[in-house]
Each structure stands twice: as structure tokens, then as C-alpha cells.
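2 protein chains.
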Amino acid sequence: MTIQLYCFGESGNAYKAALALELSGLDWEPVKVDFFAGAARTPEYRTQVNKMGEVPVMVDGDIRLTQSGVIQDYVSEKSGKFGGKDAGERREILRWVLWDNHKLSSTAGVTRFLMHFLSKDKRPQEVIAFNQGRLKAAYTILNDHLADRSWIVGDSITNADISCCGYLYYPESFGFDRADWPNIDAWLTRISDTPGWQHPYDLMPGSPADRA
Amino acid sequence: MTIQLYCFGESGNAYKAALALELSGLDWEPVKVDFFAGAARTPEYRTQVNKMGEVPVMVDGDIRLTQSGVIQDYVSEKSGKFGGKDAGERREILRWVLWDNHKLSSTAGVTRFLMHFLSKDKRPQEVIAFNQGRLKAAYTILNDHLADRSWIVGDSITNADISCCGYLYYPESFGFDRADWPNIDAWLTRISDTPGWQHPYDLMPGSPADRA
Chain A
1150 MTIQLYCFGE SGNAYKAALA LELSGLDWEP VKVDFFAGAA RTPEYRTQVN
1200 KMGEVPVMVD GDIRLTQSGV IQDYVSEKSG KFGGKDAGER REILRWVLWD
1250 NHKLSSTAGV TRFLMHFLSK DKRPQEVIAF NQGRLKAAYT ILNDHLADRS
1300 WIVGDSITNA DISCCGYLYY PESFGFDRAD WPNIDAWLTR ISDTPGWQHP
1350 YDLMPGSPAD RA
Chain B
1150 MTIQLYCFGE SGNAYKAALA LELSGLDWEP VKVDFFAGAA RTPEYRTQVN
1200 KMGEVPVMVD GDIRLTQSGV IQDYVSEKSG KFGGKDAGER REILRWVLWD
1250 NHKLSSTAGV TRFLMHFLSK DKRPQEVIAF NQGRLKAAYT ILNDHLADRS
1300 WIVGDSITNA DISCCGYLYY PESFGFDRAD WPNIDAWLTR ISDTPGWQHP
1350 YDLMPGSPAD RA
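Read top to bottom, the protein sequences are chains A and B.
For the first sequence, our numbering gives the first residue as 1150, with consecutive numbering after it.
For the second sequence, our numbering gives the first residue as 1150, with consecutive numbering after it.
Just so you know, the hints here were simulated from the structure itself, not pulled from any lab data.
The model shown is predicted, which means the values in this text are computed figures rather than measured ones.
Possibly wrong hints are sitting among the right ones.
One copy or two, it doesn't matter: identical chains are merged, so the pair holds either way.
Simulated pairs of lysine to aspartate or glutamate, EDC-like, Cα-Cα distance not exceeding 20 Å [to be verified]:
{"hint": "1", "residue 1": "K1271", "residue 2": "E1238"}
{"hint": "2", "residue 1": "K1227", "residue 2": "D1176"}
{"hint": "3", "residue 1": "K1200", "residue 2": "D1293"}
{"hint": "4", "residue 1": "K1234", "residue 2": "D1211"}
{"hint": "5", "residue 1": "K1227", "residue 2": "D1359"}
{"hint": "6", "residue 1": "K1181", "residue 2": "E1238"}
Take these sequences, add in the hints, and give me the full structure.
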């Protein structure tokens, strides 16, 4: 049975799930959610797909999961990959996935949306500046952590890496320039050198080019 | 061996860990971090306690954990409580813990900080208003979810409840009034009726009264 992932290219949160599925080698296919046409906000989507009104949503037979971190957890259980070698690594991965949800991807996603996908006259400059300040603190923590290691946890790619990189390959600027953060830059190259890696706009349907 | 939790009363994220420890019946004690004097931002704290510069941090012998969701996971493993009955419940709990980190506690914590703990001349009104709009969307999701159930997952209190309530008992207003959200209100009463429950300012050292 082919796993289905409800997603769209612009969502870094969906990318975290799509990348885990793709790199794991599991059989999966994307189902495009036309987010910018409001598809995730309809009563039907909330009732039938996800009451949180979000992507990604993964369907594997009778199992329906939401939240990228939960889908990653499921992919790890099913494939045996990216979940860490022992209880200590498993907790350390969860630590970084939670940190990413709390401090990095959550803020990056909102800030990119406000700067690029909201109409120009509605962009709240004070909010954007505030978020960029918080993002800078997050980049500092990640860049420092990667100073003396190749991967966030252990000695190979895990869900911690797949989570934290969620928004960092997008071309739309939101206050992140790889050149400013050399350890993050090298780590992003390491991830994109992983066999099977694809850019979010290639791995999932939908990109700003569709609306240009 | 008594588990130590680095925390302070004003932190709803620390409260999530402290409440899980207290309700589990494990032997623990708080270690006050004087956050408002900058204690969590010193190089010593970052080197010796938590490189993320955050609370809570839990120490149990040789095990040192950060991120409230990781500490909750550890408490569940050690006590057998709050972690769900099976794999399905476990994932559903993780889903809500991640949602809370992404959408609820993260924004509530920042907004309350900006409105009450930042000096009055520095409070960014546009950011506060923006965050309150996002919080309202989060309260709606939680209130709707609780319309026909007593607990967020399954039929008893779990880490999902202990996570999502993190900032909702504080007296300082940040755009949340229990009277506006009847299902959340009843659920908060259900949690606070749980034997052993304590308010964050009673369970952990430090409160705004100390600085009045």
C-alpha cells in the first residue's frame, strides 16, 4: 500500500515529513493541498483530513497522522531509520525536534509567509523584525551546536536534522543567509548530498512559480 | 536519588515538566534559575546546564534532559504514567505536545513576556496584537477538540493535557480569558482537581511577587 502525504511545496513542515518518507525508501506519494486557495481551511478538510487545519497529513491504510514530528516518528518505526540508536539518542532527537517546533521552523514559516505570501500592503513590519531577531538567536544555537559535529545527534542523519532543515533550503529570503552561518551551511550541504535528497519544490507539488 | 528540576515559577514550559513530575509521584525538587537576573543567559549556564539557554532542565543522576516534552517523556517512562495506553495514544499525545510547542505555549509564553515582563516602553504592540490573533486560532482548535471529551487524548490525563495547560493558569493576562472558552475552562478545572495539582507559582520557586 502506498503511503499518501497531504502536502504542498511551500510548506517546510510538510517537507520534514516528505523528506523523511523519501530518504527512508518507503513507498509514498504526495497529495497536493491547494493551501493558497484555502483548501486546508475548509470545513471539509477540518472534518475529514485534519481538525488542526494544517498540513502535513499522512495516510497509511487505516492510520492517519498529523504533525511532521509524529509522521517522522512513524516513518522511523516502520523503516528503522532516523530514530537514533538507543534511548539516549531517541530523547536527544526529540529534544531537537521540539526545539525546532518551538523556536526555529515555527518562526521561520510564519516570517517567510508574512514576507512573501501575504499581499504587500498587509505585511506587518514590526512582527517581521521581531521574528527575525528570534530567528537569529535560533540560528546561533544551531550553528554553535554544529561547530564540532556533522549531524545534530549521533554520527548520521536523524529526524533532528530532517526537522531543523525544514525551511532552510527555500529561496525566498526571510532573514536567513547560509553564508552568515558556516556550520549550518556545511550541514545543509551534507543533508543535500544524502542519496535521494530533493529540494522541497521538487519533492512536493506546488511552488510560487505556479502562481506567478 | 531526588530528581532536580532547574526552573522558575514564571515559566510555563518549566511548569509542564514540574507538573508531570509532581503528579507522577516521583521524588523531585526544584532548583531555582534566576531568569530575570539573566541566570539562564550566562556562559556558565549554557556550558554547564543547557546550551539552548532555556529552562527547564532535569537532572536524574547521570541523566540530564532539556525541553519539557522530553522530560515528560522520561517521567512517563520512569513512572508508567501520562504516556498513553498504546502506540496510537502515544502518537496522539506526541501530536498535541508538538502542536502545543508550535502553536500554543510558544506564542503564549512570548506574548505574556512582552506584555508583563518587558519594561513598559519596550512593549511591541503590533507583535502583541499579531500573536493574540494566532493564539485565538489555537484556543479555538483546543476548545473545539474538548467539546465532547474530558481529556485531550484517551480517557485520563496525559502529557498532552500537561503540555497544553502550561501557560493557562497564570493570572497575568495575555489575551486568554477562561470565560471565553467554556470547554477549555472545564478542562482546566478537571486538571486542577487532579490530586496533587498545584498552581505554577506554588509548585516552583519565583513569581512576580518577588520583584514587586
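Note to self: As a check of your reading, is K1227 near D1176 (CA-CA no more than 20 Å) within one copy, between copies, both or neither?
What the structure shows: within (11 Å within a copy, 36 Å between copies)
Note to self: Within, between, both or neither: how does the pair K1234, D1211 come out at a Cα-Cα threshold of 20 Å?
What the structure shows: between (28 Å within a copy, 19 Å between copies)
Next item on the list: Since the copies are identical, ignore which copy is meant and state whether K1227 and D1359 lie within 20 Å (CA to CA) inside a copy, between copies, both or neither.
Entry: neither (34 Å within a copy, 51 Å between copies)
Next item on the list: Tell me, please, which holds for K1200 and D1293 at an alpha-carbon limit of 20 Å: within, between, both or neither?
Entry: between (37 Å within a copy, 9 Å between copies)
Notebook entry, point to check: Is the C-alpha distance from K1181 to E1238 at most 20 Å within one copy, between copies, in both cases, or in neither?
Noted result: Classified as neither: same-chain Cα gap 34 Å, cross-chain 28 Å, threshold 20 Å.
Note to self: Please sort K1271 with E1238 into within, between, both or neither, judging by C-alpha distance up to 20 Å.
What the structure shows: The answer is neither: 43 Å in one copy and 41 Å across copies each exceed 20 Å.
Violated hints, in rising order: 1, 5, 6; the structure is consistent with all others.
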